[in-house]
Amino acid sequence: MRKNRIKIFTGLLIFVLVFVACTTAAAETFGADETVSEEPTAKSEITIGLSWNRKDLQLIEAWEDYMALHAKALEDEKGVTINWVINVADGDVTRQASNIEDLISQGVDVIIARAEDGAAICASYNAAKEAGIPFITFDREAQGCTVDAHVGADSFNQAVSAGEAFADLLEANGVKGKCIELLGDLRDQNAVNRSEGWAKVEAERGAWETVLQVPTEYNPDIFISGTKNGFASNPDVNCMFIVTDAGWGLVQNALDEIGKLAKTGEEGHIWIASQDVDIPGYQGLMEGYMDVSTSYDAYYHALEVVKAAYTLAMGESLENNIILVPGRVVTSENVRDTTDLWARDYGDYQE
Amino acid sequence: MNNSHFKLSMQNIVKEFPGVKALDKVNFEIEQGKIMALIGANGAGKSTLMNILGGIHQQDTGEILINGKIITIKDPLDASKKGIAFVHQELTALSKLRIMDNMLINDYPTKLGLIDDSEAKVICKKILKRIGSDLAPEDLMEDIGPGDQQMIEIARALVHKPKLILFDEPTSSLSKKEKDNLFKVIKKLREDGVAVVYITHLLDEIYGLCDEVMVMRNGRVVSSGLIDEFPKDRIICDLSGEDGRKKNVTKKSFIVKDDVVLVVEDLNRSGILHDINLSLNKGEVLGIWGLMGSGRTELVRALVGLDPIESGTIYSICDGHKKQIAPHDLRQLVGLVTEDRRNEGLFQPMTVAINLSIANLKAFLGKSGVFIDRKKEKNEVEKTIKKLNIVVSSQSQQVRTLSGGNQQKVILGRWLQRNPELFFLDEPIKGIDVNAKAEVKNIIHELTISGKSILIISSEIEELLGFCDRYLVMNRGSITAEFPHTATKEQLMEASLSAREKGIMQ
Amino acid sequence: MKNTNILINRLLKYGLYFALLIIIVFFAYIAPSFITANNFIDMLHTLAPNLIMISGLAFVVLTGAIDFSVGSIAFLAASIGTYLMVVQKVPLIITLSVIVLSAMIAGFLNGIIVEVIKVNPLITTFGTMLAYRGLGYMIGGAKYTPIPESLAQLHNVKIGFLYMDTAVAILIVVILYLIQYRTVFGRHLMAVGNDRENARKLGVKTSSISIRAFVISGFFAGFGSIFYMIQGGYMTPRMGQGLEFTGIAIVVIGGISLFGGEGSILGLLTGIFTFYIVENGLQHIGVSPYIYPFLRGGIIFLAMYADSLKTKFHSLRKVRT
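Residue numbers (this note's numbering), protein chains in the order written: chain A, -12 to 338; chain B, 15 to 520; chain C, 10 to 330.
It is worth saying that the hints were derived from the structure and are not from the lab. Here the structure is a predicted model, which is why all the values come from computation and not from measurement. Hints may contain errors.
[Stated by the list, open to error] With a Cα cut of at most 25 Å, we get these calculated DMTMM-like pairs of lysine to aspartate or glutamate:
hint, chain 1, residue 1, chain 2, residue 2
1, B, K336, B, E192
2, C, K152, A, E62
3, C, K127, B, D182
4, C, K210, B, D130
5, B, K140, B, E192
6, C, K152, A, D43
7, B, K96, C, E124
8, B, K246, B, D182
9, C, K152, A, E274
10, A, K250, A, D324
11, C, K152, A, D335
All chains, please: the whole structure from these sequences, using the hints.
This is how it looks when you write it as structure tokens:
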């Protein structure tokens, strides 16, 4: 019996040692890929490596175009040539990792990555660090490691600003709001932040009361049924907060079916606050069905990330590593005057 | 009078499987209105021969002729088209479907693309009537007993109005009444002009039923002819190639008198077992006999805790110490061989080696104490295979490809490694060929020599006779009588039909 | 012994209806708006496309296999359709045919991998679930794309008091019921699910049946996706996501055993009704959003458990001598 135990213990010990040895070796092989030249002297030319996790959203097209735009402006301003190396991973985590490997071996000066998987991206970050290349996460944060910089949306304050504007609107019209909230997916940090932002303003301003919360899990079914059922069980509801106005079209359909669709100023108008000014949302604002939405400002995300990339590529450091773009509050009143809305530039809506 | 004469012959059939010549220039002939008994040990080739007729295998060389014309049989459906039906030993039942579905699965009458249920029922009723069954076609297959299910297999074979029907061990799950009914049906088929081949191990059955006999051994036909020329002794002789009488094991008694190893008192299971009292002596072979449904299997299952009991105590006696033991614990001490070897005993897709060693892997641990010593395992398995004379091409042969007798030996072999003091054997020799039967009985005999105690259940009364030291007869969940080893068949039969009585009968 | 068997069997069979009744009463009491005719018609409207999408899945489960890729097939087919309709402006008739056809091909591929390459259905459809969705993303399915007005306008169409898609869904279930019980194909399906080996021995072409079941599953996934898009007016990136699990849960709640060979297509109606009633009721009474997944999971678990009980129970019934 004793003999058995000792044997088992020895066996386990050997197993653990072998395991550790192997993974260390792997990590070293993986990491120590390239020799990297550090150039502390001022450069006249930099190359930015950009890794998209996917490319099939208009939003991403918009980002990329805006980045090029801002880079061009920066070129003119600073007199430094900015080159781009861009690759796309088609939603595949391993593909993205190897894409970033490519960027590293090409010796780019800085890497911007929109992660397919926030945890997996840390491995790429480590590899870049080994190679001495600064690493910026874009729009999606890394989980489990601290990268050199993050540029993204401030989903909490995005909701707060919309809430504040919404409260102003309701008070100006003498309306006490009773709202249905359509939440996103409870596992999505952005969605959770938005809901919390909304709740904060509700508590502080008291301009409305959220009587029903429906978790949609971004399921189109539930955008529709949640709306209909919400109104059925609470007939005196007069406002809604929708987690993203990408789903506005679905809600519009639903409201239409229950006869609650009316523009601002019309009789029976339901006050709608939302987020993103995505393409359907833009249309909703333009047509006057939606009231308030804070933009997911592709234009300004791109601006900030190009600025940050430039700074790091030039070997300087940033004041702030976490750059959160708050978005602009867009209402049905000011939507026509708001510039650089990606939904306008990349959507099909014509007035 | 029949409208067409039917005569089937197989000429010079050769069939080889890897490593074994299953059929070596076999000639076979049968014509309408005749019932032929096909006798042979497993591996003799009779199953292969019939499988060729049934379209499951194709012969390598040789011809099959029907009425003088050469034919080929590509698959079971083709065989059916050519007028040959095969009723297999193992039930091929679709349990959740109805009887009529099981009969007509490939032959549904349709109307406008949909199944015509009423027509289907009519067809089924007609055939069922032909075999004397009053089962309802709408009943579910799983709601009828195995005996009735076998009737349905036969009914299904009749759907295509076959000219030749092959029966493979048809009586294995039948009660006496069902057996008699089956023979009646087969005789009626003969009258209708159908040719019948009847494969069996039970020699007693063929007399009074069959017209002709064919005996095969080692892939060849040993002898064939009219049944009158083949008394039992001759068949046994032809089968085994030696004087069969030698194969009858007359068991010497090795009981150590009054050395009881197991006592059961007042075991009860409501509706199933009533007031069971028995004792088992060291080195004894205790036979439990009774008709189907008498509770024999239930008794064994209750003893080892596979079924619950309501009251009763079990004692095991070791080295003079009598200790109460729970059924679950008893199971650890007993070598248990179940009735349903296919489903409950063996790991079908695994190898012979694994099946043999699995009960006793601890013994094969190597020096490390953690890993199995493959060599040791292999040697032990080899020893067991030799000892029990299990016919395999190699240790790594899959167990499901073995014949029934060999499978049974594997199960026994598994327990032999474990070396328990007690063995409960439920139908250990059912459905296996004569040679294997004798070998298994020998093995059991040797176990008793080394002081093991055996509880054996068998429905084949002839096998029990002369083999057991004592007999317990059961009927309807109670032990109705106890006999010493001198009991006769009549005594046992009578006791199994009578109500509960106490005391030993002479 | 036999009497208790019958009782338990009946309990398992009818217990569901009883539970359903209690649930309805509960919701109706707390939120009176729940128990209106309008709500039920709306609920049927919401569940109709989903019902169509999983009706083929039921056939696959009846054969004892499983299809995790239904949601992805729906998504893929719809992505292809959206691409044709919106980007290429292909006429509607052709687009709709392509949607259905591509879904059938996807199902056929599933069948081939399972039957010819002999990969176990669980692994196969799990893999195709990921692959088909990825393919759909590549064809542009990841955006919220509005569908052409000619199709979108159908979302309000009613036949009598039912919405059009509800009527279509019920019709489909009835037709499939007839196929299951009154055609040779249906019988063979049940045979394969009941005991594949024995069915094969009896001459049933098991591989062919299995492949056909997968094709049917694909077909309805695609067909259903059309109604899904009509209802929302949009093609959405998350279409069909999660359908694999809820679909199977619905099938099981409806009494179709995952072990194959047991259950009726009509059970789909019960299954989906149960599922959506809970969802619907919760929205009416307005519970905390964190309760939803918990309850959904709870129902799925109970259904699966009851299913396994039924099977365990059946094996105890085996006749002994």
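Hints, one by one, checked against the model:
1. At roughly 45 Å between alpha-carbon atoms, K336(B) and E192(B) are farther apart than 25 Å, so this suggested pair is violated.
2. Pair hint K152(C) plus E62(A) does not hold up; C-alpha atoms about 33 Å apart against a cutoff of 25 Å.
3. For the hint pairing K127(C) with D182(B), the CA-to-CA distance comes to about 32 Å; that exceeds 25 Å, so the pair is violated.
4. Of the pairs offered as hints, the one joining K210(C) and D130(B) holds, with about 24 Å between alpha carbons and a cut-off of 25 Å not exceeded.
5. Between K140(B) and E192(B), the direct Cα distance comes to roughly 19 Å. Compliance with the 25 Å bound is thereby established for this hinted pair.
6. As the CA atoms of K152(C) and D43(A) are separated by approximately 8 Å, the hinted pair is consistent with the 25 Å bound.
7. Taking the CA atoms of K96(B) and E124(C), the gap is about 30 Å. The hint is violated against a cut of 25 Å.
8. Annotation: proposed proximity of K246(B) to D182(B) holds, straight-line Cα distance about 20 Å (limit 25 Å).
9. At roughly 21 Å between alpha-carbon atoms, K152(C) and E274(A) fall within 25 Å of each other, so this suggested pair holds.
10. Of the pairs offered as hints, the one joining K250(A) and D324(A) holds, with about 19 Å between alpha carbons and a cut-off of 25 Å not exceeded.
11. The hinted pair formed by K152(C) and D335(A) meets the criterion: a straight-line CA distance of about 13 Å does not exceed 25 Å.
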